[in-house]
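There are 4 protein chains.
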Amino acid sequence: MQDGRTEKSMIIILKPGAEKQKVDDLIRFLQSEYSLEVQRMDGVNYSILGLIGDTSALDTEPIQERSVVKKVMRVQEPYKKVNRAFHPDDTVVQGSGFTIGAERLAVMAGPCSVESEEQIVSLARKVKAAGANFLRGGAFKPRTSPYNFQGLGEEGLKYLETAKAETGLPIVTEITNVEHVELFVRKVDVIQVGARNMQNFALLRELGKTKTPVLLKRGLSATIEEWLMSAEYIAAGGNPNVVLCERGIRTFETATRNTLDLSAVPVVKRMSHLPVIVDPSHATGLWWAVEPLAVAAVCAGADGVMIEVHESPAEALSDGKQSLLPEKFSSVTQKLKAAAELMGRTL
Amino acid sequence: MQDGRTEKSMIIILKPGAEKQKVDDLIRFLQSEYSLEVQRMDGVNYSILGLIGDTSALDTEPIQERSVVKKVMRVQEPYKKVNRAFHPDDTVVQGSGFTIGAERLAVMAGPCSVESEEQIVSLARKVKAAGANFLRGGAFKPRTSPYNFQGLGEEGLKYLETAKAETGLPIVTEITNVEHVELFVRKVDVIQVGARNMQNFALLRELGKTKTPVLLKRGLSATIEEWLMSAEYIAAGGNPNVVLCERGIRTFETATRNTLDLSAVPVVKRMSHLPVIVDPSHATGLWWAVEPLAVAAVCAGADGVMIEVHESPAEALSDGKQSLLPEKFSSVTQKLKAAAELMGRTL
Amino acid sequence: MQDGRTEKSMIIILKPGAEKQKVDDLIRFLQSEYSLEVQRMDGVNYSILGLIGDTSALDTEPIQERSVVKKVMRVQEPYKKVNRAFHPDDTVVQGSGFTIGAERLAVMAGPCSVESEEQIVSLARKVKAAGANFLRGGAFKPRTSPYNFQGLGEEGLKYLETAKAETGLPIVTEITNVEHVELFVRKVDVIQVGARNMQNFALLRELGKTKTPVLLKRGLSATIEEWLMSAEYIAAGGNPNVVLCERGIRTFETATRNTLDLSAVPVVKRMSHLPVIVDPSHATGLWWAVEPLAVAAVCAGADGVMIEVHESPAEALSDGKQSLLPEKFSSVTQKLKAAAELMGRTL
Amino acid sequence: MQDGRTEKSMIIILKPGAEKQKVDDLIRFLQSEYSLEVQRMDGVNYSILGLIGDTSALDTEPIQERSVVKKVMRVQEPYKKVNRAFHPDDTVVQGSGFTIGAERLAVMAGPCSVESEEQIVSLARKVKAAGANFLRGGAFKPRTSPYNFQGLGEEGLKYLETAKAETGLPIVTEITNVEHVELFVRKVDVIQVGARNMQNFALLRELGKTKTPVLLKRGLSATIEEWLMSAEYIAAGGNPNVVLCERGIRTFETATRNTLDLSAVPVVKRMSHLPVIVDPSHATGLWWAVEPLAVAAVCAGADGVMIEVHESPAEALSDGKQSLLPEKFSSVTQKLKAAAELMGRTL
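Chains as they are written, first to last, in numbering that gives the first Met the number 0: chain A, 0 to 346; chain B, 0 to 346; chain C, 0 to 346; chain D, 0 to 346.
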């Protein structure tokens, strides 16, 4: 691990024949506005500026706009709080009665949507019995269509509380509106930010003012760097309790709903100290792909998984397209336990 | 154009050997919950259900989850208000003193960010002289990094108002927080929803309660259908004044910042009656690609363009990476005028 | 598993008000040209045709072109030979002295390029000692640039043969030219078709005439269905010995070279009976991501892995960007052994 | 335009604390193997090497592999022959009786496949009358499925020759096998390399030995740089007559078959001196999108278009899904003529 001061730096390649005065202007700007040390190397017909100091606040776009600049290249990542370079040890997110990122894997299970008190309490008992240590379920649902069911809302949160009271399982549920932050802080153990809101910066900023653990799902077309920058919003605001969740990215492939990017697990682990979990249910949309990919996620180094489980009385003999029946989930957790051991962890 | 009642329909292909009782359950569910007429065709070892009636409120996912269902296929689009099938005529969005979607092309020009009153007033005068009929400029900026300049905020809106007072140009500026809707309705002519907020449904719902024209940018990885569904949120809420803006999608290509999807123009025009404009500046991030693509956009049928223009005193002799100098913009509008004529329109 | 005759079918949705005579023409065409049974269902103002029989030879595009057709939808996959529906049991590819797809995992290791006889022989010994059961190495290299090293060619093949003679490891190496098929059949154990040639149909057709096992890498932007169709070319030509290799697809993410699509493993396993292996080295381009993803691949159900190993005397103390040093590879195989056990397999 | 010698250069950023001896090894390697001048700049705890000289033959991957290297960055493009920096003037490709890239736009029209002599001769007459100056049509068809029609082959070429004899239109048709190069050189005016073969380097190398104009379609997931590198293969082999053809890239969007990347036109025009044409028929797969996008392509600076035209006696009253009827094509060429004038060109 390196000293942050000298490492957080940037290279600016100047255009051949760049006008001397404009280059001097640029250097002065970098020195005075950002207190950077600027080293200049002159080649036969091009020059390079090497910047020493904290460039995380330096916006590269206006630099790119300068007429003398050919290319700007970050040598160091633009995030600080969530950067492993500055915090070599793994972060363990702590809630009341649970941790994420420690030896024990997080296994978050439950239905896509809370449908009734009866449903969520019954399911909470079953997933707990099968080995889950978190209950997930949507009360406020972000839906592509304005005509589709948008969730039970505040009533759904109440049912989740009941299920928690009955089982002791901490609650993970999604927030969709910045105006609900206070409500969620009161009622929820882990506040989930969905893929569509990963760059809802107003929401991230409000969550940064709380101390409640935030599960930040990766946006459908977010690069890993952008995802970490969104985590940085929360951390920079004062809330270090961020858990990242890989849930598939959008690609050309249509055999699965999205493309689960398991490479993101070792990459994020190297770039950041935050815990990362994986959601194979939403990523693939295929119940029969959940088990192999959940096990693979743990073997790739994930700190946990999020799995959709549902019991449909009308459909009692089969799994749905995306969600598992409690019985199937129970056999998945058996496999996860073996994978956890392989990785020196527990379930 | 077809009769909506019978057209808005869906096909459900059942699995071979689907249990009779479960199929009957499904049919009853569709009839009673959605008042649909269900036609059944039985083949040698598979069956199909054809649904007649309004299926826009029908969520396909739980249907897919049913054990007897192999595939669900929409024959008709899930949007209604913004669907050309039900509103054959082009929508012309009307504001006070302007229209978008009528014969005259919308030319929205201005800086990425409002930096000062002086800057925006001076630039407004120049873009107006060059042929722009809208002033764009960001007051609240959604930034990937929490450490980058987030815009002048409310002060920026005030400067935009001054620029409007001086030039008469209506203002287009981006909203980033649902709590600002009331403020924007008071001060802004066209409220821009940025790509990152295209599926911020809480925000779309609030904008649907107003009558202010909304410029809805396409999300970085949004399909055209999802984009139209987001427009449907606003329209279904009661605000028909939606303008779509294509601004590039995220692909593997890195030569341009995003990939401008000009095909989206004829596709949207066929699927929807809403006006659509194109932003080649953000799509490409390359000032020298703005002119050819702005002209191409008009020739592809767009109702207008949004172009970034900036004057940088320190950099007076060149265009930036993404934005044009006012002089260059002026030559672009000359070309746009010729393209408008070719398309039977005016500037 | 279903009876192929009735299952390989297709649905054609006709446009509302489709002209009766043209529909009759279409039905006659399907009956006479493809011997299909056509079932027709008439709704209030649209109709559906259900096709019964083998539609794999039926090209959907000209059907789509017909003026009366709204949509064509395959219910069954267009591949036969490689389709699990018709061959429920896993295929085990047999070569002289090796199998792929049976209980023992295939571990293919070696350098990107054969550089010298000394290099490849020395490395072959080391990877064998570490647990590899195949030697990989490129003799003919497909290079993006005409100015880059294109491989040692036939001389490289000779060195691979020497390495095989010394170690007994079967050879996997890439073919880049249809004119080399005969040469490769004589000298190589497993002929690799690279991502760029996945749809070089002339090459696939020639390989279909041989019996040599073919390792078919997935194209950078190939869907799983297209990949299986390319396998079908080889199998339909008479060579059933096809091994699929997932090696990453092209997406917007740049933190890894490509995006490893591990979901493809369970998906391919369900759609096809062919063995599938995974190449995490090329997929990520990051040596430190190879171990977690190789282990994850095995846990996701892969029949083996392909790993780049290289020893660089000048660089003896570190792994390269993409390839592992033999020592590191040795520790990876230890982990793979544990993962194999978890999956009820051996190394 | 700059002097090539000093411009074709590269930046290597070394890791902090890079071992002196290994850095010296790297510098010596660059000097002796590639005759490069290496300039070194030392910062507080990192160093940069600036390379002066021709780095096009320098493969960056093995450099990246070195343990002392953090990042390698090309300042100059890796292509030479097709690089506008070294050939400022537009290339005009010359064939017998035609040019591509000069004032007159290339309008290539015809069916997807040659079906019969009668069909192609009749269609050739009609597209010529409508304004086409090239006849396109496939004789050898690359098909995803081995069971689909693979074209008439050599017989199809013969029919194309007849159509040329009757109309004088030069022939553009696709090659799919390196063994056909000689045949195509004898019979074809412009040899088309399809998207799937864009990186079939064996084929490109053979075409580089001829002088016949080559129409190089962009691969489905090829970056613009890779596309230009494939053109470089042909040019470096000795055939400067390369025409680029943008035909859509693969993205997540499904409303169009591929995503037409019109930005590629101005980008290619800036990076290269080669002519570039656009194929909106294959890109979108939607006949009604062909006209607006063909016109847009010309306005974006394309040197021509390739359009699918087909007459289907059974379907005489409508356009197909992708191809235009001759009558519709005729109205498209009227629009193209107007667009050509706008651009200072002719049809």
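Hints are computed from structural coordinates only; laboratory data are not their basis. Yeah, the Cβ is synthetic: ideal placement off N, Cα and C, and Gly gets one too. Check the hints yourself; a few may be wrong.
Some chain D residues close to chain B (C-beta under 7 Å, calculated; not the full set) [said to hold, decoys possible]:
(1) I51
(2) G52
(3) D58
(4) F148
(5) G152
(6) T222
(7) T255
(8) L259
(9) D260
(10) L261
(11) T283
(12) V294
(13) C298
(14) A299
(15) G300
In silico BS3-like links for lysine-lysine, alpha-carbon gap of 27 Å or less [stated by the list, open to error]:
(16) K140(D) with K327(D)
(17) K327(D) with K70(C)
(18) K70(B) with K320(C)
(19) K14(D) with K320(C)
(20) K157(D) with K14(A)
(21) K79(C) with K69(B)
(22) K327(B) with K14(A)
(23) K163(C) with K336(C)
(24) K320(A) with K336(B)
(25) K14(B) with K208(A)
(26) K327(D) with K327(C)
(27) K163(C) with K70(B)
(28) K208(D) with K69(C)
(29) K69(B) with K327(A)
(30) K14(B) with K336(C)
(31) K19(C) with K14(D)
(32) K127(D) with K69(D)
(33) K140(C) with K69(B)
(34) K336(B) with K70(D)
(35) K208(C) with K336(C)
Chain D residues, not near chain B, derived (Cβ > 12 Å throughout) [said to hold, decoys possible]:
(36) I26
(37) N257
(38) E290
For this session: Against the earlier hints, flag every one the structure doesn't satisfy and list their numbers going up.
Result: 1, 2, 3, 4, 5, 18, 20, 24, 25, 26, 27, 28, 30, 31, 32, 33, 34, 35, 37, 38
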